[in-house]
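There are 2 protein chains.
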Amino acid sequence: MDMLWNGWGDPEQAAPLPGTVTGLLHELLGVTPRSTAPAALEDLAVPAPRLGDGALRALREAVGDDGAHVRVDAETRVRHTRGKSTPDLLRLRDGDVRDVPEAVALPAGHEEVLAVLRACAAHGLAAVPFGGGTSVVGGLAPERRRPFVALDLRRMDRLLALDPVSRTATLQAGLRAPHAEALLAAQGFTLGHFPQSYEWATLGGFAATRSSGQASAGYGRFDEMVLGLTLATPEGTLETGRAPRSAAGPDLRQLVLGSEGAFGVVTSVTVRVRPVPQVRHYEGWRFASFEEGTAALRRLAQDGPRPTVLRLSDETETLIGLAQPDDIGSLDARSSAGCTAILGFEGTPEDTAHRRAGAADMLRGSGGTPLGGEPGRRWAEGRYSAPYLRDSLLEAGAFAETLETAAFWSRLPELYGSVRAALTSTLTDAGTPALVMCHISHVYENGASLYFTVVSAQGADPVAHWTRAKHAANDAVLAAGGTISHHHGVGTDHRDWYLREAGELGIAALQAVKHRLDPAGLLNPGVLLPAD
Amino acid sequence: MDMLWNGWGDPEQAAPLPGTVTGLLHELLGVTPRSTAPAALEDLAVPAPRLGDGALRALREAVGDDGAHVRVDAETRVRHTRGKSTPDLLRLRDGDVRDVPEAVALPAGHEEVLAVLRACAAHGLAAVPFGGGTSVVGGLAPERRRPFVALDLRRMDRLLALDPVSRTATLQAGLRAPHAEALLAAQGFTLGHFPQSYEWATLGGFAATRSSGQASAGYGRFDEMVLGLTLATPEGTLETGRAPRSAAGPDLRQLVLGSEGAFGVVTSVTVRVRPVPQVRHYEGWRFASFEEGTAALRRLAQDGPRPTVLRLSDETETLIGLAQPDDIGSLDARSSAGCTAILGFEGTPEDTAHRRAGAADMLRGSGGTPLGGEPGRRWAEGRYSAPYLRDSLLEAGAFAETLETAAFWSRLPELYGSVRAALTSTLTDAGTPALVMCHISHVYENGASLYFTVVSAQGADPVAHWTRAKHAANDAVLAAGGTISHHHGVGTDHRDWYLREAGELGIAALQAVKHRLDPAGLLNPGVLLPAD
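Heads up: the sequence lines are chains X and Z, in that order. Residues in the first sequence are numbered consecutively from 170, following this note's numbering. Residues in the second sequence are numbered consecutively from 170, following this note's numbering.
In isolation and in its complexed conformation, chain X is listed as follows (with noise of 0.2 Å):
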């Protein structure tokens, strides 16, 4: 099954807003219906695919094409064209497809990468890996001075090697999570990555964006899971990873993560496993302020006990009640205030209990109220909602988009507080005020992510309002001490920032392995570093 060509996931999940929304909508923030339909699949006016003979004939040889493995149809380009942040699926509701892939080719495995690779470099393409396309940032639109092949790793899809003892997996990179899940469950394990990406996104597509899932406060971020990965790269095959930790210099495992396929196609990686919880439990929490719900998160994620997932949604959006996106509309949530956790525990029936028990301890102390299961549960069941909501508000005539970023905890508030300040001037000035929510999504013992939600009217042009605001939170981003992203990514949507962030020699440094294993520049040419 396909994702939705122009929105997000399974198409049918997808239901309307209730009138209760569509009428808040239009009351709070002026969302009126869309004008016009959004462009039909049918009607998009596709280019030829600007590929000579010789490279067509290069990439099927590179993937033993019988025909079907390298597809330059209209469609399959489409479906391999941007990601899916909204201003991607408003450009293509929009019949904007200039970010369209010549070709589509599909390898079978570590040794067919390398060969289109090479195919690509002697004709004088990009190439672009493509794992679940649920890129938020841009990472899937690289630079357009030259064509190029989306390098989709759908067909590495097996489990390669279990180690039981070790507690380590080895999986294709095009596996998506789900199916790796499943393959992993068979043997007792879990992976325990649950980002809001779940359905969709692959192995590689994590390890290649550090992905972090809403469990990472028990299970760690993909980037910590990670203990060795196998790199395709035009100059050849880096692999690393032979011990969980080794002090053999700098950790080129950190090297590759997030480096987002700019130094190459992470082909397989070699991940930690745990067994599959006896137990999963979650539950709500209620704090009278968003500064005291954080303080409270603050003191499990430094003394513990650790909850699996924890979350805290700020004042706005536990009224709007986002925390359970099936709930949005409700009106219950006005009438309590303050601010909704969400604590998860999975394990072993003694150790979740004994966890439960030592948090809310320390929650009844930071000042909590418990508010049993339900909202525990009820957030479980949409936890992977949100992006279908999204495709129903877009619909509606709404705008809705999220980011993201970290900091220490000390930095914490005033990150908050401006990037806050800066989404709701620049929106209201551009006349379309927006609802702005926040989540805490990630806890470390030194620090957390903060997770905006904004919803406003899509007014005029609302890729251009969207951008005008998203550049400016980017810059109180920076200017609070946070970083430019927790786990989305650069891209090429956070790329001027981040040269900022990562500063002059940091990026010296990375151009300089850029050069060294693609010196082409085939691989994603201007994502996450400039294109030369």
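If you are wondering where the hints come from, they were derived from the structure by calculation, not from laboratory data. The beta-carbon is built from N, C-alpha and C at its ideal position, and this holds for glycine as well. Each hint should be verified, as a subset may be incorrect.
[To be verified] Going by beta-carbon spacing under 7 Å, a handful of chain Z positions derived as facing chain X:
| no. | residue |
| --- | --- |
| 1 | 334 |
| 2 | 677 |
| 3 | 685 |
For this one, chain X is given, so just place chain Z on it according to the hints.
Chain Z only, in chain X's frame:
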């Protein structure tokens, strides 16, 4: 106070071996007293510094010298010659000062480090960052094609910032670990990093070499504690670390960590700190075999509860009593077969009690027998004494050295067996049969480290004997899937094996970084990476 110039640490802590031990060494290994006394410091033929007036003047200007911050006297230079591996000590005892620096520069801060690097670049000098001088892998002995300056960071010993909310501290690189702990303890915090080199090693050295401490099971490795770094390079300053974790590109911190002075000089680190523990409890456990004990440690590392300290001696090490170095020669140990594990618990009374009880259940279920607090107390007392013991052994005519590696759990038995066999057979063939002991020194969910100690007679040419044995062990490490170093680093001693481990393209990527940050190749030439 300075370390012994040709031995370890505080001269006052060195003590001759008891007669029982010298008797045992003779009986078991054929150790006989050395026929010649070690060279005296004042008798060394230290060549005059190869340093023109211009170079000396430039160095003095770089450090705002009042005469004290650039030293060219023979004693200071000898005290900055090589590190503290056994071959390093034996070479000095034999009067071999070929690796002596031309001068020792003592910069007072980051800007002065940059200035020293500029002075070195202008005058064709190499620069070797020098922290505690405790390298055991040749990390302070660059290739000798050009003269080099030891860049001793001891004047950079300040706590620059402490953020009690985020629990982070920024510390200058030249701080020795005990001094850093004292500065943090004054504000209620600890770093929790206690490697065997603790008394002498510096924060910058920990970062540059990916040090791992004896309490790594609880506090993590040093590379896991580092949240930010400042690096002085010939091309300028690289600063990194705005958040605990980020998806903004590859992790530059992990590119600097382990770079061993080849990319730049670490001038400060921002590290996570934790409250000083209220409880510190150490205890011993006995297992029937190393295999059984290893399985028990694996269960604890994977399923918890996790002790703060967790180590296991093999049968030989248990027998010899090296787990408690003060106890060597006591033959009591011989009467009790098996392997001793040391567990430590640090934290709050409630947390340590809970973890102790859980760990005890787990270990009993894995065949362990509790030995009570006495072995733990003795381990803690002697935790930094092994290198002092080595001084006494060398004095008595014995050879003693260590090496270490790590691998995934499933590879550990083969790694253990083959390294042991390589050491034993090489040294036996050389006519100096050895005692080879081992312990698991650090544990992870997915694997562990093995730390070997070798004792033999010195024989006619102990450095040559050891070099052959060590090379055989290195080959065995790689063949069995281990990493060439878990926490000692690469230096020059491991470099050729490191090249094989990291692979051609991995090394090429690091060389590209090196060339960009240090185009003249003046930083620690030949350490970590081959000199051009």
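Exercise. Can you name, in rising order, the numbers of the hints this structure does not satisfy?
Worked result: Violated hints: none at all, because every hint is consistent with the structure.
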